[in-house]
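As a plain string of letters, each chain reads:
Protein chains: 2
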Amino acid sequence: MVTDQRDAGRRLVFSTIRKAGRIARVDLARETGISPATVTSITAELIREGLIEETGPSQDNDLRRGRPRVDLKVRGAARIVAGMKLSHQTIAVALVDFEGTLVGEACLELDRARFKAAELLPLFRRALEHAVSTAGMTMDALAGIGIGMAGTVDAAHGTVYWSPGLSERNVPLREMLMADLDMPVFIDNDANLVAMAEQYFGHGRGVSDFIVLTIESGVGMGIVVNHEIYRGARGCGAEFGHTKVQLDGALCRCGQRGCLEAYVADYALLREAATTTDFADRATTAQKLQSLVEAAQAGDETAKSIFDRAGRMFAMGLANIVNIFDPELIILSGERMQFDYLYAEDVLDGIRKSIVQIDMAPPEVRIHKWGDLMWAKGAAAYAIEGVAEIALQDIAGNAA
Amino acid sequence: MVTDQRDAGRRLVFSTIRKAGRIARVDLARETGISPATVTSITAELIREGLIEETGPSQDNDLRRGRPRVDLKVRGAARIVAGMKLSHQTIAVALVDFEGTLVGEACLELDRARFKAAELLPLFRRALEHAVSTAGMTMDALAGIGIGMAGTVDAAHGTVYWSPGLSERNVPLREMLMADLDMPVFIDNDANLVAMAEQYFGHGRGVSDFIVLTIESGVGMGIVVNHEIYRGARGCGAEFGHTKVQLDGALCRCGQRGCLEAYVADYALLREAATTTDFADRATTAQKLQSLVEAAQAGDETAKSIFDRAGRMFAMGLANIVNIFDPELIILSGERMQFDYLYAEDVLDGIRKSIVQIDMAPPEVRIHKWGDLMWAKGAAAYAIEGVAEIALQDIAGNAA
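One line per chain: the protein sequences are A and B, in this order. With positions in the first sequence counted from 1, the corresponding number in our numbering is that position plus 51. With positions in the second sequence counted from 1, the corresponding number in our numbering is that position plus 51.
Hints in this document: simulated from the structure, not taken from any laboratory. Computed from a predicted structure; not experimentally measured. Please note that a few of the clues may not be correct.
To give an idea of the chain A side of the interface with chain B (calculated C-beta under 8 angstroms), a few residues [unchecked claim]:
#1 Glu290
#2 Ala370
#3 Asn374
#4 Arg403
#5 Ser405
We put the CB at the ideal spot given by N, CA and C, even for glycine.
Input sequences plus hints: build the corresponding full structure.
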């Protein structure tokens with residue numbers, strides 16, 4: 052019992068240091084509710100094991116105190132992990148140290164968008180080896196790998212129930228990759244990992260409840276409740292893209308009708324555009340979208356009406372999230388060019404008008420444009436969490 | 052610091068006993084992660100203060116053990132509280148003891164559905180005095196009052212931003228009632244209190260994550276995440292009834308368009324029915340609804356199509372909740388006759404078809420019919436929570 056408490060305390064102290072970046076022992080005790088004596092003992096143990104280290108006072112330190120304050124931080128050199136994101140025809144890799152500092156990166160272009168699981172394994176390996184060798188390292192340097200996949204992913208079991216990147220369903224991808232790469236692997240829904248990246252490196256730092264939305268080839272959502280990713284009862288988390296915005300509405304890739312994704316995702320915009328536009332001279336989805344954006348910007352009424360309806364559907368779907376979750380902060384995240392339309396001021400205004408009106412400020416909405424590399428950093432943050440858990444279990448095992 | 056830990060431990064031990072009903076000290080230690088020695092010390096203190104008591108072994112006790120096991124439970128006689136629910140033209144009152152056992156009840160019929168706050172105060176008092184005297188008690192016997200109100204309620208501050216029962220907005224109702232009744236008052240959204248009743252007395256007992264939905268004159272939702280009512284960043288909780296199911300759809304009482312409530316609530320059904328039916332000979336909402344239900348049962352195509360569309364909209368809204376929250380259990384709760392249509396098998400089937408399909412069982416849906424008295428019991432459960440917190444703070448104050 053007492054050992055369990057010690058293990059729980061160690062876990063809480065480490066994750067609090069990690070989320071804070073830099074923190075003094077006295078603040079650690081206050082934030083965790085653990086006694087100062089126990090904090091001192093636990094942090095001594097973590098320093099001895101090389102997981103954290105002391106560092107000089109931070110800039111905003113109170114210099115009026117008698118003696119200089121010493122902060123604690125995660126020891127960057129303790130571990131190196133890789134984060135990978137499989138997106139449309141691309142695998143992005145980020146190598147980061149234990150503090151989350153980027154130490155290497157790579158990007159592998161793929162010749163198509165859907166693969167069998169057995170075909171994906173060598174592609175993940177190739178992207179990883181490329182990143183590692185570019186950074187002047189070997190695969191042995193890696194302590195673990197985090198992977199973000201679009202679709203319905205059971206993170207706890209490492210099962211991908213469905214992903215637009217996989218031609219098979221119910222794939223035990225984590226197990227397959229661990230056997231192939233011979234190291235710890237952690238898999239999650241990619242939008243959850245963007246939420247984790249925001250939590251550790253971005254706008255979500257220090258915010259207890261927030262939501263991250265992404266629009267690319269699909270629509271993703273990550274929910275953070277009480278500083279933790281919310282995954283739901285079946286471990287598959289929030290499926291914002293497949294909430295229904297129209298009874299018996301447009302057909303979705305998932306096979307159902309009226310999903311938000313079927314109105315706002317890349318394929319939905321291009322499906323509408325194809326009714327009146329010949330895209331024969333544009334090879335890729337990105338090129339087609341680019342030409343649709345340009346047509347709207349040039350004043351083409353059809354192109355404008357496509358973005359207009361998508362924007363209104365997006366506002367409606369997002370207002371529903373606000374009415375249900377009432378988050379403190381909403382982060383709209385992504386890199387595509389439909390940004391200019393779907394995340395435009397009049398869309399945000401539509402959201403404000405559709406949420407329940409009370410005499411308090413509505414949730415803050417922040418827009419954060421970033422590319423595949425930042426998604427990969429989120430996957431790396433997840434790998435750090437998993438690798439840290441292994442390290443803490445080792446300490447617990449040795450202490451018992 | 053150490054005192055804070057003791058206070059937190061005392062709070063955790065008490066709420067664990069309360070949620071368990073009956074529990075042995077050894078199980079308390081296991082469930083809370085608090086050491087057996089500290090559990091023994093805290094429970095001795097709670098017994099001394101009269102908040103809990105020892106009780107004989109429960110039926111499912113393991114008799115093979117050497118000595119009979121002693122369970123702990125909340126001491127019913129410790130406090131009496133009242134729960135009240137303001138619904139359409141009715142105030143229901145439940146008097147319960149500290150264990151939640153019903154010790155008295157009353158119902159006050161009102162001559163209309165909307166009041167100024169100053170008009171409501173004497174009505175609440177009259178309902179309360181009626182319940183207390185019927186039970187052979189006096190107002191002095193009450194340790195606190197819980198009240199459930201439809202609408203947007205900030206439970207932490209006791210402010211009712213909007214309620215169909217109040218003609219004013221932003222009413223500090225809790226403060227007004229405490230001044231009038233001279234005892235602790237706790238106010239929350241009524242659907243949250245139904246969720247609390249399910250958690251303490253109903254299907255939600257022991258379930259960590261579940262959702263309760265109610266359809267009456269409005270549509271309500273209470274969300275329990277990790278054994279706690281989820282209230283959102285602004286403290287007003289989930290507004291399921293005002294999620295949008297149709298862009299620019301039917302007008303809602305809240306002034307917006309396309310809200311789920313504007314398709315499925317009492318007033319929405321009757322608004323549609325009035326297009327073709329003359330309700331002049333039916334006085335009350337209940338009578339009008341009854342005649343609409345009877346028409347549908349008799350095969351009237353218009354009446355059937357009203358319930359049919361409402362059912363499909365309800366299925367769509369509920370499937371959205373499942374896609375976002377992925378709860379373990381959904382409890383459909385209420386007492387009205389639209390039950391037979393809105394909670395019918397084909398509606399539930401519509402929900403199943405609209406949620407994201409994975410190779411796991413969808414959340415369990417349970418239907419729980421109950422009346423105003425059970426809503427009031429939920430309000431009483433909330434009062435117990437508040438009164439217990441005051442008692443525990445007194446102990447903490449005396450110990451410090």
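May I ask you to test the interface hint for A/Arg403 with respect to chain B, counting a Cβ-Cβ separation under 8 angstroms as satisfied?
11 angstroms, violated
Residue hint A/Glu290, partner chain B, criterion CB-CB below 8 angstroms
4 angstroms, holds
Go through the hint on A/Ala370 and say holds or violated, using the shortest Cβ distance to chain B against 8 angstroms.
6 angstroms, holds
Grab the minimum C-beta distance from A/Ser405 to chain B and call the hint holds if it beats 8 angstroms, violated otherwise.
6 angstroms, holds
Under the criterion of a CB-CB separation shorter than 8 angstroms, is A/Asn374 in contact with chain B as hinted?
4 angstroms, holds
Hint 4 from the earlier list is the only one contradicted by this structure; the remaining hints agree with it.
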